Amino acid sequence: MANPTLVQLATTTVGSGGVSSVTFSSIPQTYTDLKLVVSGKTDYTGAAYDLGYVGFNGVTTNLSFIRLQGSGSAASSTSGTGGIFFRANASGTGSTNTFGNAEIYIPNYTGSTNKSASVDSVEENNGTEAYTGLFAGLWSSTAAITSLTAYPNNGNWAQYSTFYLYGIKNS
Amino acid sequence: MTDTPIAIEVDCSTGIATERPLTAEEIAARDAAAAAAEADAKAKADADAAKAAALAATNAKLMALGLTQEDIDNLLNAAKA
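If you read the sequences in order, they're chains A and B. Position 8 of the first sequence, counted from 1, bears residue number 8 in the numbering used here, the numbering being contiguous throughout. So the number in the numbering used here is just where the residue sits in the second sequence, counting from 1, plus 171.
The hints are simulated quantities; they were obtained by calculation from the structure and are not laboratory data. Take the hints with a grain of salt, since some may be wrong.
Label-pair restraints from in silico Cβ distances [stated by the list, open to error]:
1) D244(B) <-> G17(A): 47 to 53 angstroms
2) S39(A) <-> A221(B): 36 to 42 angstroms
3) P192(B) <-> S39(A): 23 to 29 angstroms
Short derived list, chain A residues pointing at chain B, Cβ under 8 angstroms [as the list claims (entries may be wrong)]:
4) L9
5) A10
6) T12
7) V19
8) T23
9) S25
10) S26
11) I27
12) P28
13) N156
14) L165
Keep in mind the model is a prediction, meaning the values are calculated, not measured. No residue lacks a Cβ here, since even glycine has one placed at the ideal position from N, Cα and C.
Please work from the sequences and hints to get the whole structure.
Given below as structure tokens:
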């Protein structure tokens, strides 16, 4: 039997009351790439849309991103620091029963060069304005990634938000 | 009273998920990050508002010169093409 190329390493679903962060620790160093898949929603009630961001090895320093975003009526591009961001839903008006979708792909996570990431994400709600977000992320660190934490940009991750971490082998 | 935020940690080697309250240090870092994000958002909103106001002022000047809004839109569209 051929070796699997995509393996689910761990998964978690947020329970009632929400959580401030989700961490995957003790990530095995035997894969080539990592993929984090998020069905995310924050408990922020100020809007229907929000963001999440990822940090590595317990820190959110030396992280930067470039974002290309579309709202359905306008497109924009921004950059920033402090995490590798992705779109998620919030809990404001129009967000009932909807969650954001995000895939964060991190190649060569065990290598000794800086770590890049690509993010494909959407926030969907029951209104006329919803956001897509493509992000290019960079962690300027030569350390291998052994843990990964997903934070909400505002408040907590809401109940039923789910997080899946996959390892990918290219050989 | 505010509940202490909870974090989930999933150990990939065992698959065991553990919930724990944030430490005081983690809460302080989280609050600082939220404050910084709020300041960034306000700065961006202020910059966007200033840009919109400048554009509106330029538009008004062009109309004062006799151009119609259609003329101005045509110029803008030509510049974008």
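Verification of the hints:
| no. | hint | in the structure |
| --- | --- | --- |
| 1 | D244(B) <-> G17(A): 47 to 53 angstroms | 52 angstroms, holds |
| 2 | S39(A) <-> A221(B): 36 to 42 angstroms | 37 angstroms, holds |
| 3 | P192(B) <-> S39(A): 23 to 29 angstroms | 25 angstroms, holds |
| 4 | L9 | 5 angstroms, holds |
| 5 | A10 | 5 angstroms, holds |
| 6 | T12 | 5 angstroms, holds |
| 7 | V19 | 5 angstroms, holds |
| 8 | T23 | 4 angstroms, holds |
| 9 | S25 | 5 angstroms, holds |
| 10 | S26 | 4 angstroms, holds |
| 11 | I27 | 5 angstroms, holds |
| 12 | P28 | 6 angstroms, holds |
| 13 | N156 | 7 angstroms, holds |
| 14 | L165 | 7 angstroms, holds |
Every hint from the earlier list agrees with this structure, and none is contradicted.
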